[in-house]
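Take a look at the letters that make up each chain.
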Amino acid sequence: MSERARMAVFGAGVLGFAAVLVWGLGGLPDFGDFAGRYGDYLAHTSVPQRHATSAISVTTFDFRGVDTLIEEFILFTAAVGVVALLRTGRERDDVAAEPESVRRPTAQSGSLGSVATALVGPGLVLGINVVLHGHLTPGGGFQGGVVLMSAFLLIYLGGCHIRLGRLRPLAAMEASEGVGAAGFALIGLGGLVIAGAYLENFLPFGRVGNLVSGGDIPLLNIAVGLEVMGALLVVLGEFLDQRLLMRKGEA
Amino acid sequence: MTAVQLVALVAVALGGTAVVLAHEPARQALVTGVYGFALAVLFLAFQAPDVALSQIVVGAIALPAMILYALRKIIRREEERDEG
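Same order as they appear, the protein sequences are chains A and B.
Per our numbering, residue 1 is the first one in the first sequence, and the count goes up by one each step.
Per our numbering, residue 1001 is the first one in the second sequence, and the count goes up by one each step.
Don't read these hints as lab results, they were simulated from the structure.
Careful, some of the hints might be misleading.
Where chain B lies over chain A, by a calculated footprint (3+ residues, C-beta under 8 Å) [to be verified]:
{"hint": "1", "stretch": "143–156"}
{"hint": "2", "stretch": "229–238"}
DEER-style ranges, computed between Cβ atoms [stated by the list, open to error]:
{"hint": "3", "chain 1": "A", "residue 1": "122", "chain 2": "B", "residue 2": "1071", "range": "23 to 31 Å"}
{"hint": "4", "chain 1": "B", "residue 1": "1026", "chain 2": "A", "residue 2": "37", "range": "43 to 51 Å"}
{"hint": "5", "chain 1": "B", "residue 1": "1022", "chain 2": "A", "residue 2": "111", "range": "25 to 33 Å"}
{"hint": "6", "chain 1": "B", "residue 1": "1079", "chain 2": "A", "residue 2": "14", "range": "44 to 52 Å"}
{"hint": "7", "chain 1": "A", "residue 1": "185", "chain 2": "B", "residue 2": "1075", "range": "18 to 26 Å"}
{"hint": "8", "chain 1": "B", "residue 1": "1018", "chain 2": "A", "residue 2": "111", "range": "40 to 48 Å"}
{"hint": "9", "chain 1": "A", "residue 1": "39", "chain 2": "B", "residue 2": "1025", "range": "36 to 44 Å"}
{"hint": "10", "chain 1": "B", "residue 1": "1075", "chain 2": "A", "residue 2": "206", "range": "47 to 55 Å"}
{"hint": "11", "chain 1": "A", "residue 1": "185", "chain 2": "B", "residue 2": "1048", "range": "26 to 34 Å"}
{"hint": "12", "chain 1": "A", "residue 1": "111", "chain 2": "B", "residue 2": "1025", "range": "35 to 43 Å"}
{"hint": "13", "chain 1": "A", "residue 1": "30", "chain 2": "B", "residue 2": "1071", "range": "18 to 26 Å"}
{"hint": "14", "chain 1": "A", "residue 1": "23", "chain 2": "B", "residue 2": "1048", "range": "40 to 48 Å"}
Far from chain A, by Cβ distances over 12 Å, these chain B residues were calculated [said to hold, decoys possible]:
{"hint": "15", "residue": "1015"}
{"hint": "16", "residue": "1041"}
{"hint": "17", "residue": "1048"}
{"hint": "18", "residue": "1062"}
{"hint": "19", "residue": "1068"}
No residue lacks a Cβ here, since even glycine has one placed at the ideal position from N, Cα and C.
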């Protein structure tokens, strides 16, 4: 196909797409004029029915908890897939993951190292805070888990590899990922056994606004936090291992 | 629409264009991070703090980091191929 013919096909497609898009946008409700009934319903029932002040957490972990369970397993499967891909052909190079090569500083600049190291602690505290208050304020397991992951990423930026000597946090992170994913499923199973339906709440709701309130929502948040942090760190750890292997080849 | 919302929308539009216009992949990864942060401000301005929180970390930190690691691996492999 000549370039002119290709441009003609492209132009026709763009014009058609733009026309349909403008037509569709014309039918949208006015700015700030949302009339969805479910939003109102959820905003008004989450505190009286579930004693949790974050309507979004109540929706994701209770009213549509099975949806969140499946999302969790999407992340779990994706992480396992990435690890399986990156680990092929690694055995013969496995020596490169030994501590002595790993302890080499990764930060090139001293100020970057100190800033990153100084932010690790606050990052961890913020992440734990976001996970534990998921049912009270914006945030929750997913957001907190990602914050925790970036705190660990700062350790690497600050000059240390995540896999430090015999500590091997990577193995701990794999465990965290599995425990989180299984924990969510098991809490759901607890609902089936005790309350009669999968993911049905089976714990006392507690007082509105307390740290321990909202039934099993805080527990589900912790499970998701562990899973998200573990999954992302396992994937990042695999990438970092690859990088270190190549560095050793360079030297 | 408030001024903050308007500014956030403009920043996202400019950021998205900048990502497309940045040609070098490594630079593109960094511009993606800035764009991700603009998106987070947009979500916050439109009263979605939950989404904004995930967006800050995923869009501004995790995604650029993963792109950079993947890039490093690809570039390395290409150099080896050129040598051998």
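Evaluation of the provided hints:
1. For the stretch 143–156 of chain A, the proposed coverage by chain B is satisfied: 6 residues have a C-beta within less than 8 Å of a C-beta in that chain, meeting the threshold of three.
2. Taking a C-beta to C-beta cut-off of 8 Å, the stretch 229–238 of chain A contributes 3 residues in contact with chain B, enough for the three needed, and the coverage statement holds.
3. Taking the beta carbon of each, residue 122/A and residue 1071/B are about 29 Å apart, inside 23 to 31 Å as hinted.
4. In this structure, residue 1026/B and residue 37/A meet the distance hint of 43 to 51 Å, their C-beta atoms being roughly 48 Å apart.
5. The hint said 25 to 33 Å for the Cβ distance between residue 1022/B and residue 111/A, and at roughly 26 Å that hint holds.
6. Residue 1079/B and residue 14/A have their C-beta atoms about 39 Å apart, which leaves the hinted 44 to 52 Å range violated.
7. Taken as a hint, the range 18 to 26 Å is violated for the pair residue 185/A and residue 1075/B, whose Cβ atoms sit roughly 40 Å apart.
8. For residue 1018/B and residue 111/A, the Cβ-Cβ distance of about 27 Å falls outside the hinted range of 40 to 48 Å, so the restraint is violated.
9. Between residue 39/A and residue 1025/B the CB atoms are about 40 Å apart, so this pair conforms to the stated range of 36 to 44 Å.
10. Residue 1075/B and residue 206/A have their C-beta atoms about 54 Å apart, which keeps the hinted 47 to 55 Å range intact.
11. At about 28 Å, the beta-carbon gap between residue 185/A and residue 1048/B stays in the expected band of 26 to 34 Å.
12. The given range of 35 to 43 Å is broken by residue 111/A and residue 1025/B, whose C-beta atoms sit roughly 26 Å from each other.
13. At about 43 Å, the beta-carbon gap between residue 30/A and residue 1071/B misses the expected band of 18 to 26 Å.
14. Remark: the range hint 40 to 48 Å for residue 23/A to residue 1048/B is contradicted by a beta-carbon distance near 27 Å.
15. Every CB of chain A lies more than 12 Å from the CB of residue 1015/B, the least distance being 20 Å, so the non-interface label holds.
16. Every CB of chain A lies more than 12 Å from the CB of residue 1041/B, the least distance being 15 Å, so the non-interface label holds.
17. Taking the minimum C-beta to C-beta distance to chain A, about 9 Å, the non-interface status of residue 1048/B is violated against the 12 Å cut.
18. Residue placement check: residue 1062/B does not keep its beta carbon more than 12 Å from all beta carbons of chain A (closest about 6 Å).
19. Chain A draws residue 1068/B into its interface by the beta-carbon criterion, the shortest separation being 9 Å against a cut-off of 12 Å.
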